[in-house]
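S.K.: These are the residues of each chain, in order.
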Amino acid sequence: MFELLGISPQALFGQLLIGLINGAFYAMLSLGLAVIFGLLNVINFAHGAQYMMGAFVAWFVLEYAGVPFWGALIVAPVAVAIFGVILEQVFIKRLYHLDHLYGLLLTFGFVLIIEGLFRYKFGSSGQPYDNPLPGGQNLGFMFLPNYRGFVVVASLVVCLGTWFMIEKTKLGSYLRAATENPTLVRAFGINVPRMVTLTYAFGVGLAAFAGVLAAPIYQVNPTMGSNLIIIVFAVVVIGGMGSIMGSIVTGFGLGVIEGLTKVFYPEASSTVIFVIMAIVLLIRPAGLFGTAK
Amino acid sequence: MNKPIALALLALLVVAPFFVYPSFLMTALCFALFACAFNLLIGYVGLLSFGHAAYFGGAAYITAHVVKVWGWTPELGILAGVVVAAFLGLIFGSLAIRRQGIYFAMITLALSQMLYFFAVQAPFTHGEDGIQAIPRRHLFGLIDLSDSLTMYYFVAVIFLIGFAIIYRTIHSPFGQILKAIRENEPRAVSLGYDVDRFKLMAFVLSTALCGLAGGTKALVSQIASLTDVHWAMSGEVVLITLVGGIGTVLGPVVGAFIVIAMQNYLAEWGEWVLVIQGVIFVVIVMSLRRGVVGELVALWERRKPSAAGAEAKAQAAH
Numbered sequence: 001m002f003e004l005l006g007i008s009p010q011a012l013f014g015q016l017l018i019g020l021i022n023g024a025f026y027a028m029l030s031l032g033l034a035v036i037f038g039l040l041n042v043i044n045f046a047h048g049a050q051y052m053m054g055a056f057v058a059w060f061v062l063e064y065a066g067v068p069f070w071g072a073l074i075v076a077p078v079a080v081a082i083f084g085v086i087l088e089q090v091f092i093k094r095l096y097h098l099d100h101l102y103g104l105l106l107t108f109g110f111v112l113i114i115e116g117l118f119r120y121k122f123g124s125s126g127q128p129y130d131n132p133l134p135g136g137q138n139l140g141f142m143f144l145p146n147y148r149g150f151v152v153v154a155s156l157v158v159c160l161g162t163w164f165m166i167e168k169t170k171l172g173s174y175l176r177a178a179t180e181n182p183t184l185v186r187a188f189g190i191n192v193p194r195m196v197t198l199t200y201a202f203g204v205g206l207a208a209f210a211g212v213l214a215a216p217i218y219q220v221n222p223t224m225g226s227n228l229i230i231i232v233f234a235v236v237v238i239g240g241m242g243s244i245m246g247s248i249v250t251g252f253g254l255g256v257i258e259g260l261t262k263v264f265y266p267e268a269s270s271t272v273i274f275v276i277m278a279i280v281l282l283i284r285p286a287g288l289f290g291t292a293k
Numbered sequence: 001m002n003k004p005i006a007l008a009l010l011a012l013l014v015v016a017p018f019f020v021y022p023s024f025l026m027t028a029l030c031f032a033l034f035a036c037a038f039n040l041l042i043g044y045v046g047l048l049s050f051g052h053a054a055y056f057g058g059a060a061y062i063t064a065h066v067v068k069v070w071g072w073t074p075e076l077g078i079l080a081g082v083v084v085a086a087f088l089g090l091i092f093g094s095l096a097i098r099r100q101g102i103y104f105a106m107i108t109l110a111l112s113q114m115l116y117f118f119a120v121q122a123p124f125t126h127g128e129d130g131i132q133a134i135p136r137r138h139l140f141g142l143i144d145l146s147d148s149l150t151m152y153y154f155v156a157v158i159f160l161i162g163f164a165i166i167y168r169t170i171h172s173p174f175g176q177i178l179k180a181i182r183e184n185e186p187r188a189v190s191l192g193y194d195v196d197r198f199k200l201m202a203f204v205l206s207t208a209l210c211g212l213a214g215g216t217k218a219l220v221s222q223i224a225s226l227t228d229v230h231w232a233m234s235g236e237v238v239l240i241t242l243v244g245g246i247g248t249v250l251g252p253v254v255g256a257f258i259v260i261a262m263q264n265y266l267a268e269w270g271e272w273v274l275v276i277q278g279v280i281f282v283v284i285v286m287s288l289r290r291g292v293v294g295e296l297v298a299l300w301e302r303r304k305p306s307a308a309g310a311e312a313k314a315q316a317a318h
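Protein sequences appear in the order of chains A and B.
The first sequence begins at 1 in the working numbering and counts up by one.
The second sequence begins at 1 in the working numbering and counts up by one.
Excised from the complex, chain A in its bound form:
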């Protein structure tokens, strides 16, 4: 096989795959953040914590009820979404009339509470989760573990499904209209407050779904969300929150760039996304897919 700058193709494609998988998580999380922000005007700081909760619910139902991974893929997002509905109804709802910053501060408080409780219960070490799809395919130029391939495909399906629902269906058109002008949409007899609640639940459920997908790859541990969410914030700044497709493309793209950085200049791999954010802010402050407000 060919050699590229002294880097074996196995290493290159291996890192590309890891990049794609990280990108899948960036895409799913930034998508949820963007949908929630569009309608609620709240940056959901607890998004990472809810992703972590998704992974923990999956681990929990397997450990205590014997629900396999495929069941958890449905159970966990629903459970965490219900939790999200409670948060929205009891707390977040009461802050819509205030500055956006209070929503951020409130959800940051949720992060501390949720993470603190999980750390109290489980410590900061991880809980292992068995790979539901062992084995892999030899593609000739690289070895593709089945489960990792599944993660990339599943997240692509979910992301594109969300895009289709928001951009191409009647429900999505209500959502987009309510994002533009909630008062007018209410005047047409659509229950906007309920739509807001369900949107929050959907975004949170998406985060939990990503969490379940992550459980067999990374260890399930209480800090898995907060480490990820800050990177997702940078992804959101780079992409801008205006466009659904923009969030998906930016998420996957940045994951791949991060993976490539790991091959060519590993020292910078943990900071490359932040550097890209700085460059984007200099050249196109509104973000790649954003519109200046």
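No false leads were slipped in.
Covered stretches of chain A, going by a simulated chain B footprint (3 or more residues, C-beta under 8 angstroms):
hint, stretch
1, 102 to 116
2, 230 to 240
3, 274 to 282
No lab work stands behind these hints, which were simulated from the structure alone.
Where is the CB? At the ideal position from N, CA and C, for every residue including glycine.
Given chain A, put chain B in place with the hints provided.
M.R.: Chain B in isolation, oriented as in the chain A frame:
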């Protein structure tokens, strides 16, 4: 602030170490200054920076390094911390002010996380261990700071200098322009103010003062570690300011004493400290948005007109 209150607080600052552990007071004063510097942005320019740990912790590392490894005197060490924090603030600030509101918070958080990863990798920060056993040395090469009472008065003076700078800034014409930007940015632009320049100046001033607090803290606790640059530290300064009262002069100071005291008393509770801090966040955002000092001031002002009203009623009865 009126004179009697200011004098009483000053007297309290002088006699406090004879009644309370100086090490607790020094830590609280460092965090009070840190929160005052943060409050300068959120309270008076309306900018929520979620990455102020970068300047606090960054300065702590610099001060620790130049004092311990290069053998600088403490005042020069702290000065080095301030300069580096201000320089970082200039770079990060000029990036962050390109976006507003919620994006500003996310950008400052992301940039501080970048500095955190840098601190994890850079050799001089010693990774997980941090820089430990930092000597306090002699102030100006003369006064021994290893005595905790001497160190306390040194910290108190630094706090007063920082506090005075912030107080002067808020009550200067420059401070008025900052408040105008907070209240109505487009209008400030239409009046011909270069809003971005004012924001950046306020940001650099705030980060420099964070550096002052961080550098001093490194000498007080004699350790500079990853905790100081972690996002949780950024959250902590937000919490302190929120508890005391955003946009009040004394709020961050009161908040610092409350939060640091709470952490001391709850230290053996481990993870519960995190949970309790989260609960405080939720309670304050939901129902006590003015914070302790803000609520007290509001209570005081509500009483005043009612007292005047009672007087008027009494007059009318006559």
